[in-house]
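Asker: Single-letter residue listing:
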Amino acid sequence: MQASFMNRTMGNGLAYRLDARAKMSISLTASLGVIILHSPQSLGLLLAASLAYGLSLNRPKPLLLCHAFLAVMWSVAFGFMHLMQTLNPNPVPTELSRLLVPFLRSAVMVNVILVMALSTRIQTVLTTLKALRLHRCIAIPAAVMIRFIPSFLSDVRQVSEALKTRGYPITPRFVLSHPLLATRLLIVPLVFRALRASDELGIAAELKGLGNLGSVRAFRPPRFETRDWMASATALACIAAAVILQVFTGGPRGGMF
Amino acid sequence: MLVFDNVTYTYPNAGTPAVRDISLSVSAGEIVLCTGPSGCGKSTLIRLANGLCPHFFRGRLQGRTALAGKDTVSLTLQDISRTVGTLFQDPESQFFALTVEDELAFAHEWRGTSPDETLTRVRSSAASFGLDSIMGASVLDLSEGQKQKVALAAIISLDPAVIVLDEPSANLDPEATLALAAELRRLRDAGMAILVVDHRLYWLDGVVDRVVVMNDGCIVAQGDFDLLRDAAFREAWGLRSDRVPDPRTTLTCPANDCDALQAQGLCFAHKDGPELFRDASFSLPAGVTGLLGPNGTGKTTLARLLTGLNQIQAGKLIFRQRQMTPADILRRSSIVLQNTDHQLHMHTVRAELALAAAPYGAESREIVAELLNRFNLSALAQRHPQSLSGGEKQRLVIACGMAKDPEVLILDEPTSGLDGLNMNLVARAIRDAANRGTVVLLISHDLELLTLTCNAALHLPLCGTTDNLESTCSPVS
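Here the protein sequences come in this chain order: A and G. Here the first sequence stands for residues 1 to 257, numbered as in our numbering. Here the second sequence stands for residues 258 to 734, numbered as in our numbering.
Hints are computed from structural coordinates only; laboratory data are not their basis. Virtual Cβ for every residue (Gly too), placed ideally from N, Cα, C. Fair warning: there could be bad hints in the mix.
Unchecked claim - Quick list of simulated restraints, FRET-style, between CB atoms: (1) A:248 x G:373: 42 to 48 Å; (2) G:270 x A:247: 21 to 27 Å; (3) G:626 x A:82: 27 to 33 Å.
Said to hold, decoys possible - Residues of chain A clear of chain G, computed beta-carbon distances all greater than 12 Å: (4) 32; (5) 58; (6) 88; (7) 181; (8) 202.
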């Protein structure tokens, strides 16, 4: 039963060589950073660093897709703020920087989470969560959430291709000229796929006997090497640099904090 | 080993039971085939065997399902999964890890198997299913046939006492299907209890010990395989043929001078992968041309290249004597891909067809009515497309593909989960399109469909592809 002469592998960038614990610590550091930081300049620095980290996946398309989605969301928010200002006699603040901050925070997290989701063995994630002594009620849903991301991105690609074959390519022009139809064409299959994928992952998890973290024995035990220490230290250094930048520039406070 | 004792099961919020009064047993060292028309309750039977009903889906269970003498209700899903290995109709739905190797190892790791033992089992199952070359590949990037092999290898490596297989041949090429039949015989001889649910029957002749035919949630007939020899019986229950000739040996490559669609000097390689096509040339005439070849040889990729879903790296396409881009071809084409969920967008079946027929303006209403009728979807016209069964969705996406009366129609495994009645219905629709002058490219391992529809066939790997197997097709000069 010869399967194929194809040999496409998951990838070979830095992201794939890092240990899951290093990627988790980078994600944790980044999440602390986006809570502490509030100036657009320092968050911009963090975004640039996280983007460089994200590009080590050698998969620019998913990154581009997620950032495009955030840009659309930001544009919608900005548009509605302007609309409110037009309709509301009491002026509401619509500075770019105030609206930018929540989206910068999201973009930083998207970059680090994508690296983890697209380049890490799901078993290693589970083993690492086990090593952190997290209860299975937290560890298993966390692993399922991380596993859901590549399935969702695959669904986005397939829905977009299906639309192209039906003569409805999701281009900016099409979205602007037929916003309702574009929303339906894109959102409906994605919502149903997401629901089904979560169900299917639940079933797959049950039938593979997920549940007892204590019995897991990884056949490739994770190893924390020099490059993992270096990557974690670099993440900390980036946060420190961003904090210093915020202290010295004292940029405006934006977003929710 | 596996016993259904007067089982009636009703899904939550369902008015009627999905299966009723099922009494059936599968002993160790026995293979039982369960078949019947779409929606007859076969998949529910599998969910009862592996405990998903009622442990995961909840619902109401009457009667008793037992595994090795123990009631499945009293066991946990973890316990059941140690005894029962399940292959789903859509193998991707049972993957949890991201690479082939990880998927094969995953359940072993959760059972606390030693790393050395896990590695041995992973290597052994990969070797027996020919997966060695794709161990590092993402499971999401595999062809459907490859996914099925990975899922089967993962199950068999666990050495369960019972395996239940839902449409195991749906995406396998005929050679892989025969190899699966041999593997099932070996497992049966080793004492495994095997329940196979399938529409395709021919490959199980001489393999199964008993046949169970279901309809409307009930068992309507039981016996040995000879039960299926009666054509009137098969027709009455919408079953497929018990014997199927292999048309691949008689289907020849279309002439290269045909004036429909020609590809010349195509080159393509996946990113970071070896070349899949190098200087490949072929012609597709009006009529039905089968695109044949083992799993993973690039059949779907070739269809994607013709329509621009993957970018041709070199070569040209000529349609009716004019050079065209893949985008030009796509405008004149309909391509129906395998995963139907991604291709359904609207709130009713009628609206889905109306969207596909929209270019016809005022005439679209008549076209929709005709398609509903032709594909036996009239009763479902007001249903939400995503609420349909797998077979119904398949018919709907094919109907949508035919709605714009394309000049080129590409169908990727259109009958993989269809019963005999619906397979014949789709075959008729394909023949009708071909008779109107449509260039139909049919990617299928379904020998019955190929027999009913094809005039010619392209056999992959083509001459000029990077594999060195002998080609049946000569290059365009």
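Asker: Okay, which hints does this one fail, numbers in order?
Answerer: As far as the earlier hints go, 1, 2, 3, 5, 7 and 8 are violated by this structure, in ascending order.
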